[in-house]
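Trainee: Chain A is fixed; fit chain B onto it per the hints.
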Amino acid sequence: MSDETVQARNIPDRLDSPVRAAIFSWPSLLLLVAVVIFIINSFASPYFLNPWSISDATFNFTEKAIIALAMALLIISGEIDLSVAAIIALCSTMMGLALQFGVDTPGLVAIGLLTGLVCGAFNGGLVAGLGLPSIVVTIGTMSFFRGLSFIVLGDQAFKGYPQSFAFFGQGYVWWVVSFEFTLFLVLAVIFYIVLHRTSFGRRVYAIGNNPVAARFSGVRVQRIKFILFCLTGLMSGVAAILLTSRLASTRPSIAFGWELEVVTMVVLGGVAILGGAGSIPGVVLAAIIMGLVTFGLGLLNVPGIVMSIFIGALLIGVIALPVLLGRLRTRLSKN
Amino acid sequence: MTRLLKSREFWLAVGIALIIALTSIRSSGFGTPGNIAGIFNNTSILIILALGQMVVIITRSIDLSMASNLALSGMIVALVNAAYPEIPVPLLMGLAIFCGLLMGAFNGLMVWKVGIPAIVVTLGTLTIYRGIIFLIAGGQWVNADQMSADFVAYTRINVLGLPLLSWYAIVIIAAFFVVMTRTTIGRAFYAVGVNPTAAIYTGIDVGRTTFIAFCISGMAAGLSGYLWVSRYVIGSVEVASGYELNIVAACVIGGVSIAGGIGTVASAVLGALFLGVINSALPVINISPFWQMAISGAAIILAVILNARQGRRKGRIILKDVEAAQ
Numbered sequence: 001m002s003d004e005t006v007q008a009r010n011i012p013d014r015l016d017s018p019v020r021a022a023i024f025s026w027p028s029l030l031l032l033v034a035v036v037i038f039i040i041n042s043f044a045s046p047y048f049l050n051p052w053s054i055s056d057a058t059f060n061f062t063e064k065a066i067i068a069l070a071m072a073l074l075i076i077s078g079e080i081d082l083s084v085a086a087i088i089a090l091c092s093t094m095m096g097l098a099l100q101f102g103v104d105t106p107g108l109v110a111i112g113l114l115t116g117l118v119c120g121a122f123n124g125g126l127v128a129g130l131g132l133p134s135i136v137v138t139i140g141t142m143s144f145f146r147g148l149s150f151i152v153l154g155d156q157a158f159k160g161y162p163q164s165f166a167f168f169g170q171g172y173v174w175w176v177v178s179f180e181f182t183l184f185l186v187l188a189v190i191f192y193i194v195l196h197r198t199s200f201g202r203r204v205y206a207i208g209n210n211p212v213a214a215r216f217s218g219v220r221v222q223r224i225k226f227i228l229f230c231l232t233g234l235m236s237g238v239a240a241i242l243l244t245s246r247l248a249s250t251r252p253s254i255a256f257g258w259e260l261e262v263v264t265m266v267v268l269g270g271v272a273i274l275g276g277a278g279s280i281p282g283v284v285l286a287a288i289i290m291g292l293v294t295f296g297l298g299l300l301n302v303p304g305i306v307m308s309i310f311i312g313a314l315l316i317g318v319i320a321l322p323v324l325l326g327r328l329r330t331r332l333s334k335n
Numbered sequence: 336m337t338r339l340l341k342s343r344e345f346w347l348a349v350g351i352a353l354i355i356a357l358t359s360i361r362s363s364g365f366g367t368p369g370n371i372a373g374i375f376n377n378t379s380i381l382i383i384l385a386l387g388q389m390v391v392i393i394t395r396s397i398d399l400s401m402a403s404n405l406a407l408s409g410m411i412v413a414l415v416n417a418a419y420p421e422i423p424v425p426l427l428m429g430l431a432i433f434c435g436l437l438m439g440a441f442n443g444l445m446v447w448k449v450g451i452p453a454i455v456v457t458l459g460t461l462t463i464y465r466g467i468i469f470l471i472a473g474g475q476w477v478n479a480d481q482m483s484a485d486f487v488a489y490t491r492i493n494v495l496g497l498p499l500l501s502w503y504a505i506v507i508i509a510a511f512f513v514v515m516t517r518t519t520i521g522r523a524f525y526a527v528g529v530n531p532t533a534a535i536y537t538g539i540d541v542g543r544t545t546f547i548a549f550c551i552s553g554m555a556a557g558l559s560g561y562l563w564v565s566r567y568v569i570g571s572v573e574v575a576s577g578y579e580l581n582i583v584a585a586c587v588i589g590g591v592s593i594a595g596g597i598g599t600v601a602s603a604v605l606g607a608l609f610l611g612v613i614n615s616a617l618p619v620i621n622i623s624p625f626w627q628m629a630i631s632g633a634a635i636i637l638a639v640i641l642n643a644r645q646g647r648r649k650g651r652i653i654l655k656d657v658e659a660a661q
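The listed protein sequences correspond, in order, to chains A and B. One point on numbering: in the numbering used here, the residue at position 147 of the first sequence is 147, and numbering is uninterrupted. One point on numbering: in the numbering used here, the residue at position 181 of the second sequence is 516, and numbering is uninterrupted.
Chain B on its own, in the form it takes in the complex:
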């Protein structure tokens, strides 16, 4: 019980519930299950992206190229769909994930084999991937009328009261939960993040683990690419422009430590939901949407301050940092 009270995830969940409750006072419709399900559905893509980012951040890296990866993967499947409407959508989703995987793998290889810091690599690929969209689409948009009915429907079909988009998020959350808590690679991510030196001594290949983390974030971005284009029925160069920081913000608010090693599936999901709930609550309480940016900025700053307070009681690192010596 005390463990629950001390956990960040618990208080974040309480905070989210509080925002929903307070907003419901203003507008009674806000707290209804239907509306909450709607908020979850709106946040689904951010949740998937935040989970991918979380894995990368846990291994002491960062992936700033996710939004560009998303936009490029989304554009590719949108173009394929426009040209060959008969290709079944699940295949296109596979294609989107594969495109994302390739882009993530490129980031990972640069970090692993060439040894460029993750922030530099992904800063570069952030502009490169988005630039490629312009090249392959010739600066054109892919509009709703060019997409097949299935392509648009596969995020909207209602299954057991929830749109498919929400179900994708639920399945992905479950998959990440299993990987992070029940598999060797999941433990390896944490080991690499907490102490890379110790990880090497226990036989974990730090570079390879980081590479896999980037592949995972790439796949998450690729899948989100399809979901985004299908959900908002538009493929363009501008898709999700600047969204990379929202993804990092969701992780940070959830309590994923930028120093690596700390963060759970629940934290990434709750961080994303927190942003989602705030974004939905603002219009309801008559605050102009222009406030959104400043509020999420303030939320990030506050979250970092709280994180730091919690992380103060850290153990001493006994082994010398091999990474720093390299």
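Extracted from the complex, chain A is given alone in its bound form:
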């Protein structure tokens, strides 16, 4: 409301050179943070600089990061999906249920993906079809989807997944490179191309910046939002397959609270929570940073709940810091 907002809306006479812009961009800042954390980690624990340790470190963020890729697109378009963790639970439950009827690995994968897609389409239908606010809808479906798996499972668990199913969450493609991590990298490249190199991606940004203007320029706003919800559901299905395979069991409380970590990842990656801005490289780096932080703290025997303080502080800090620094700079330049 003060003059600094007015300044921020001034259009500069000359744009920064692309090199300068790239150096001072959000992803490069994140890269710097990632490198610093990597170095701190390797000094803090003698066990960190070991290919197998680092490979292990990837496991605790790849599943969330895969959802974060799709969630980034969704948030850029101005919507949010808080039901992703519940979708994981429901997908995992459906796979477990199918297992009881003797379905084998390919069938399990298909059921996992299909359940995710259906859940995503359900969210998308309510948000894009009926024009409801996504935050409330997905808070509702979050209880609903997880509630369904509680109805199926109660206090029981599904176990006994086939040996071939274990590959997704436990297998290695080459040496220390896990299947999970490879899949994440491949998906990251695909999402990068979709968001940054296709007209579909431009439309996602257009919707996030101004849905009305996007509609008037011929963008099918509701249809694209629907597709994005389906995509997020599908990626949750993928994450469900990986997680279920890694844990080799299904409980209704599986992936509890993940939605917040996924959103944290996306926001940390520089995606504007109000939509319209963000990039895939940022999200990938944010995922790696969160993985490194939690793994590094884990090596130092810091309990998980204390790690969550770091993650929460990281979330608020990375957004507050540029604002506060910018304010300090304008104050200094004034004097």
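Source of the hints: derived by calculation from the structure; they are not laboratory data. Fair warning: there could be bad hints in the mix.
To be verified - Reference listing, derived: stretches of chain A covered by chain B, where coverage requires no fewer than 3 residues with Cβ under 8 Å from a Cβ of chain B:
| no. | segment |
| --- | --- |
| 1 | 127–133 |
| 2 | 185–193 |
| 3 | 258–264 |
| 4 | 267–276 |
| 5 | 315–325 |
What the hints assert, rightly or not - Chain A is faced by these chain B residues, among others (derived, beta-carbon under 8 Å):
| no. | residue |
| --- | --- |
| 6 | 357 |
| 7 | 415 |
| 8 | 450 |
| 9 | 469 |
| 10 | 471 |
| 11 | 629 |
| 12 | 630 |
| 13 | 635 |
| 14 | 640 |
| 15 | 641 |
A quick note: this is a predicted structure, and the numbers were derived from the prediction, not measured. Think of the CB as a built atom: it goes at the ideal place given N, C-alpha and C, for glycine as much as any other residue.
Mentor: For chain B alone, coordinates are given in the frame of chain A:
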């Protein structure tokens, strides 16, 4: 009369009465005044929390940190009580409210002064506040035997046929009613929610009003912290884990619009009671408690769909949205 028939609160009240009546057919004890008072008592904490959340949602924000705030405030007073049992309980309640206020004020300051969206701030503080519990308590629980008799009794003492817990809820409901309908700040909350631009032009400080809303939700969470620990006689990291969504759900079911500006004290109270009645009715009609989550999820979705239908006939916004330009 037609206004009454069109109001959401009326139909929600009818719905609640219907659930009670239908459940009473199955089990005659369910509809007795004593049992209904019991349901109200069980829902008291949710009512207080939903009222705090309502104020924040009306000003177009959301407070996802309430359950963590509750747990941390509750843990602080539980620890103080365990260490100094001689401190009178009303003082501890004051302390709980003060702790909640501090946490709410932190959220509010981040939203007001730093300009971070409320959902991001409270998502962050949700994990931070809960993490701090672990730090201050060293991962320990505070158990019933560590709490003083007064500490536990102050939600249970029977006054005029109702436990004190219910009376707290009644007093808070009355206080919120007065603030929301009879004070300038109450009008300001609605003004900010309905149209922030117009609110600025009428001389309302939008940021400050949002800040106050967060302080109120913080105090509600702080008080609930004491009430929760006293009622369930346990202080731990896990207290009210995941409860933040129940609070939002109560508001949404009651008809508080997530877009801001719409919602009354009655709507938040009835939304909370609706969840409370369903939760009490399920075991009576022999439905496994595992159904609870799916049913409240379905109730939220249904409520949002109904809300949207009602909100269709909205006036046009003539002034440009300053908030969007910022």
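Trainee: Run every hint past the structure and note whether it holds.
Mentor: A quick look at each hint next to the structure:
Chain B is given as covering the segment 127–133 of chain A, and this holds because 4 residues of the stretch bring a CB closer than 8 Å to a CB of that chain, at least three being needed. Counting residues of the segment 185–193 of chain A whose CB falls under 8 Å from any CB of chain B gives 0; the rule of at least 3 is not met. Against chain B, the segment 258–264 of chain A contributes 3 residues with a C-beta closer than 8 Å to a partner C-beta. That satisfies the three-residue criterion, and the hint holds. Judged by the Cβ-Cβ criterion of 8 Å, the segment 267–276 of chain A is covered by chain B as claimed, because 3 of its residues qualify and three suffice.
Check result for the segment 315–325 of chain A against chain B: holds, 6 residues qualifying (beta carbon to beta carbon below 8 Å, three or more required). At a threshold of 8 Å, the smallest CB-CB gap from residue 357 (chain B) to chain A is about 21 Å, leaving the interface hint violated. For the restraint placing residue 415 (chain B) at the interface with chain A, the shortest Cβ-Cβ distance is roughly 21 Å, beyond the 8 Å limit, so the hint is violated. Taken as an interface hint, residue 450 (chain B) checks out: its beta carbon lies about 6 Å from the nearest beta carbon of chain A, inside 8 Å.
Interface restraint check for residue 469 (chain B): the shortest CB-CB distance to chain A comes to about 4 Å, inside 8 Å, so the restraint holds. The criterion of a C-beta within 8 Å of any C-beta in chain A is not met by residue 471 (chain B), whose closest approach is roughly 12 Å, and the hint is violated. Taking 8 Å as the C-beta cut-off, the interface hint given for residue 629 (chain B) holds, the closest approach to chain A being about 3 Å. Below 8 Å, beta-carbon pairs count as interface contacts, and residue 630 (chain B) has one with chain A at about 7 Å; its hint therefore holds.
Hint status for residue 635 (chain B) relative to chain A: holds, with the closest Cβ pair at about 3 Å, below 8 Å. For residue 640 (chain B), the shortest C-beta to C-beta distance to chain A is roughly 6 Å, which falls under 8 Å, so the interface hint holds. At a threshold of 8 Å, the smallest CB-CB gap from residue 641 (chain B) to chain A is about 11 Å, leaving the interface hint violated.
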